[in-house]
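Trainee: What follows is the residue order along each chain.
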Amino acid sequence: MVDVVRGAAGLVPPAEVEEVELYHPKSWLTKYVFCQDAKVIAIQYSLTAISIGLVALVLSWLMRLQLAFPGYFAFIQADNYYQFITMHGMIMVIYLLTALFLGGFGNYLIPLMVGARDMVFPYVNMLSYWIYLLAVLVLVTSFFVPGGPTGAGWTLYPPQAILSGTPGRDWGIIVMLISLILFIIGFTMGGLNYVVTVLQGRTRGMTLMRLPLTVWGIFTATVMALLAFPALFVGAVMMLFDRLLGTSFFMPNLVELGQHLQYNGGSPILWQHLFWFFGHPEVYIVALPAFGIVSDLISTHARKNIFGYRMMVWAIVGIGALSFVVWAHHMYVSGMNPYFGFFFATTTLIIAVPTALKVYNWVLTLWRGNIHLTVPMLFALAFIVTFVNGGLTGLFLGNVVVDVPLSGTMFVVAHFHMVMGVAPILVIFGAIYHWYPKITGRMLDDTLGKLHFWVTFLGAYAIFFPMHYLGLQGVPRRYYELGQTAFVPPSAATLNVFITVAALIVGAAQMVFLYNLIRSLTHGKEAGGNPWNATTLEWQTLHTPPTHGNFGRELPVVYRWPYDYSVPGADRDFVPQNQPTITRSV
Amino acid sequence: MSIIVLFLAVIAAIIGWWLSQQRLAAKPWLEEGTLSHFPGTGALTLPPAQIGLGVFLAVVGSLFALLISAYSVRMGLVDGKPLPAPKILWVNTGVLVLSSAALQWAHIAAKRGEMGVVRAGLFAGAAFALAFLVGQFLAWRELSADGYYLAANSASSFFYLITGFHGLHLAGGIVALGRTTGRAWSGNRTADVRLGVGLCTFYWHFLLVLWLVLFAVLTRGAEDFLAICRSLAA
Chain A
1 MVDVVRGAAG LVPPAEVEEV ELYHPKSWLT KYVFCQDAKV IAIQYSLTAI
51 SIGLVALVLS WLMRLQLAFP GYFAFIQADN YYQFITMHGM IMVIYLLTAL
101 FLGGFGNYLI PLMVGARDMV FPYVNMLSYW IYLLAVLVLV TSFFVPGGPT
151 GAGWTLYPPQ AILSGTPGRD WGIIVMLISL ILFIIGFTMG GLNYVVTVLQ
201 GRTRGMTLMR LPLTVWGIFT ATVMALLAFP ALFVGAVMML FDRLLGTSFF
251 MPNLVELGQH LQYNGGSPIL WQHLFWFFGH PEVYIVALPA FGIVSDLIST
301 HARKNIFGYR MMVWAIVGIG ALSFVVWAHH MYVSGMNPYF GFFFATTTLI
351 IAVPTALKVY NWVLTLWRGN IHLTVPMLFA LAFIVTFVNG GLTGLFLGNV
401 VVDVPLSGTM FVVAHFHMVM GVAPILVIFG AIYHWYPKIT GRMLDDTLGK
451 LHFWVTFLGA YAIFFPMHYL GLQGVPRRYY ELGQTAFVPP SAATLNVFIT
501 VAALIVGAAQ MVFLYNLIRS LTHGKEAGGN PWNATTLEWQ TLHTPPTHGN
551 FGRELPVVYR WPYDYSVPGA DRDFVPQNQP TITRSV
Chain B
1 MSIIVLFLAV IAAIIGWWLS QQRLAAKPWL EEGTLSHFPG TGALTLPPAQ
51 IGLGVFLAVV GSLFALLISA YSVRMGLVDG KPLPAPKILW VNTGVLVLSS
101 AALQWAHIAA KRGEMGVVRA GLFAGAAFAL AFLVGQFLAW RELSADGYYL
151 AANSASSFFY LITGFHGLHL AGGIVALGRT TGRAWSGNRT ADVRLGVGLC
201 TFYWHFLLVL WLVLFAVLTR GAEDFLAICR SLAA
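For the protein sequence lines, the chains are A and B, in the order given.
Heads up, the first sequence is in this note's numbering, so the first residue is 1 and it goes up one at a time.
Heads up, the second sequence is in this note's numbering, so the first residue is 1 and it goes up one at a time.
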């Protein structure tokens, strides 16, 4: 494809990297189902992730019902409760958050934001989605195998994960491990695309320092995920060997019912190392895209350039690097060498520095901004507050002496739900409200959106704030039923009922959101090409929703960074990235 | 776990070097461009497939670094002792070197435009690679006949696991190589297969080096190195 276009001022220099030949779908099937267009793949990823996320939502309701009314529901036995916990955690962390941020937003936004026609390897990208779907379907089958899904907890700690007595020991754990292995293979295919597209697919003028922070966040998170997921892959294969082929990678000598098991001399701690070597970067794999997206939302809806763009980029890269040397802070209670714990506590606290820097920059972006309290902005602001809340309790738990007594309590549940559950999901909602007009051409309903926001935001606090208190009272996590203790006051049960009621209401509010998503498809207000007056390239496409190939005949040329809002002297309060400076005679 | 941390330090150094070339200290808010004036993107001039392969090899490297880490942690426990290496592994190593050399030969020929040599090189490379896989299988047979079957002890479990992973990666490579060979047979222009041959060759060299590392680690050769790593971690 010849890439030289004649503009008003003459010859536009050719791109450094040639444009790729586009694959053109020939039938309905290849256009909407087996499609290689990143935008369609993004929607497929998102719908699959949201669907499986609804399963996780229902599971959390069931858990909460059990905690509030122990023994009241005959169908929630101890085994079921553990299965619900395990599946809820696994689905939310991996199959929802990771898939939605990277597979969903990554696929939709990377090519559009960097000014590319598509991902660089569209076929592999398509394969990535279908393997992800297969992983999800395999995961779902675990509800229907004999014995049900595994109840080993989302961390699947051996030896109990594959010993009899743990629910789902016969089939559930095998299905879970296979599903994880498939997920990682599928993700690696997608991840290669996201990375190489950012490296090679950028349009003319799009230097790295002109990338929107969303792309920086997704890009860094993908690099991290590519390097961290192999740890889970290796661990899952080894555990599968232990379970099916009788090896003893993780299984120590064990006596069960007076009988020596065949296992011999394996190390359960090895699994913990492998798991958390993946698990901790995973927190930031979810958080970094959220950081990036929130930066763009705040800048756009406060009509102000992002404060400290360079610092934001450096912080993203720094957090990405640091997150690989903090994993053992999840293992303070595993009996490790105290010096080891000291090292990891130090790195954990250091990572708070770039993170805090980002929070300051968001707040300073808002300072004297022209803040529009649109629904995406509300979610973005809620994210900042929630992330600070969750981050502060992280400082507590990062210290060994504080973590050891708290690690088995609800305090930890409250902490990680705030910081990597509620906070990223608020960003996902904000991002959906923000980009839905581009994806569908219509606005989401504002009133329903505000209702959804306030119930979700206040409700999430009603759920998780009291949990901190329960944790400090010593209420243990992972317990199916509390029973009588010497130290937990009876009022804890009342608080549990309150939390459960809040959880049911918040869950119901998500139905409002789904209704809004579906209804606005046909009844929403026409959005036009750039309803938020945003600067980034995806809002400058010829068509909304963008057609195959994204930008029509010519790729845009980028002349500026993505945060030119409220520029003094400009005729509008935003200048799109592809608008050159008008040279004025001085 | 110090081996994976070391590996990631290398990757971080590469990323850091690359980022240092990208004007990360630029002040983008001051750099507006007038029409048809814009900076270069700093993208590499390599074909995307080559970069894709490079990123993929980083992932594969991470996978094997983790396997070696796990092996090293396990061998550091009281009963850890490596396997007696079957002699056939030396033969296999030689075969894999030949396979890599044959592909290098094809790669050079593709640059020079000698299609006949390309075909011969690809064919020989694939044949030697298959021979390597058969040899690895024979090594497994030999080990299990000596009582070192999969679940016999931790060293043999790791041996089967790690060589299995390596073999699967080579098998995947053979599929890709088969497609390139097919194209070399149906077409006459070396320009059409140059990229494919280059990618296969690079992948083969990577797997060869990886095998040499694994061979050293899984037999007694790398004990001292692993001991140093363990002492770093302790």
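Note that these hints are calculated values from the structure, not bench results.
None of these values were measured; they are calculated from a predicted model.
Mixed in with the good hints there might be a few duds.
Calculated Cβ distances over 10 Å to all of chain A for the following chain B residues [unchecked claim]:
hint, residue
1, Trp17
2, Thr41
3, Leu67
4, Ala85
5, Arg141
Covered, in the sense of this in silico footprint (three residues per stretch, anywhere, with C-beta under 8 Å from a C-beta of chain A), are these stretches of chain B [as the list claims (entries may be wrong)]:
hint, stretch
6, 109-118
7, 185-195
Simulated coverage check for chain A against chain B, where a stretch passes if three residues somewhere in it have a Cβ under 8 Å from a Cβ of chain B [stated by the list, open to error]:
hint, stretch
8, 95-101
9, 203-214
10, 232-243
11, 309-321
12, 551-559
Every residue, glycine too, gets a C-beta built ideally from N, C-alpha and C.
Trainee: Next step is simple, just say for each hint if it's right about the structure.
Mentor: Hints, one by one, checked against the model:
Listed as a non-interface residue, B/Trp17 keeps its Cβ farther than 10 Å from every Cβ of chain A; the least gap is roughly 13 Å. Residue placement check: B/Thr41 does not keep its beta carbon more than 10 Å from all beta carbons of chain A (closest about 5 Å). Here B/Leu67 does not stay apart from chain A, with its beta-carbon only about 6 Å from theirs, under the 10 Å limit. Annotated as non-interface, B/Ala85 keeps its C-beta farther than 10 Å from every C-beta of chain A; the closest such distance is 20 Å.
Non-interface status of B/Arg141 relative to chain A is upheld: no Cβ of that chain comes within 10 Å, the nearest being about 17 Å off. Proximity of the stretch 109-118 of chain B to chain A, defined as three or more residues with a beta carbon under 8 Å from a beta carbon of that chain, is not established by the 0 residues found. Against chain A, the stretch 185-195 of chain B contributes 0 residues with a C-beta closer than 8 Å to a partner C-beta. That does not satisfy the three-residue criterion, and the hint is violated. For the stretch 95-101 of chain A, the stated coverage by chain B is violated: 0 residues have a C-beta nearer than 8 Å to a C-beta of that chain, whereas at least 3 were required.
Only residues whose C-beta sits within less than 8 Å of a C-beta in chain B count toward coverage, and the stretch 203-214 of chain A has 8 of them, enough to reach three; the restraint holds. Look at the stretch 232-243 of chain A against chain B: 5 of its residues bring a Cβ nearer than 8 Å to a Cβ of that chain, three or more, so the hint holds. Taking a C-beta to C-beta cut-off of 8 Å, the stretch 309-321 of chain A contributes 6 residues in contact with chain B, enough for the three needed, and the coverage statement holds. Interface restraint, the stretch 551-559 of chain A with chain B: holds (3 residues with C-beta to C-beta distance below 8 Å; minimum three).
In terms of the numbered hints stated before, the structure departs from hints 2, 3, 6, 7, 8, listed from lowest to highest.
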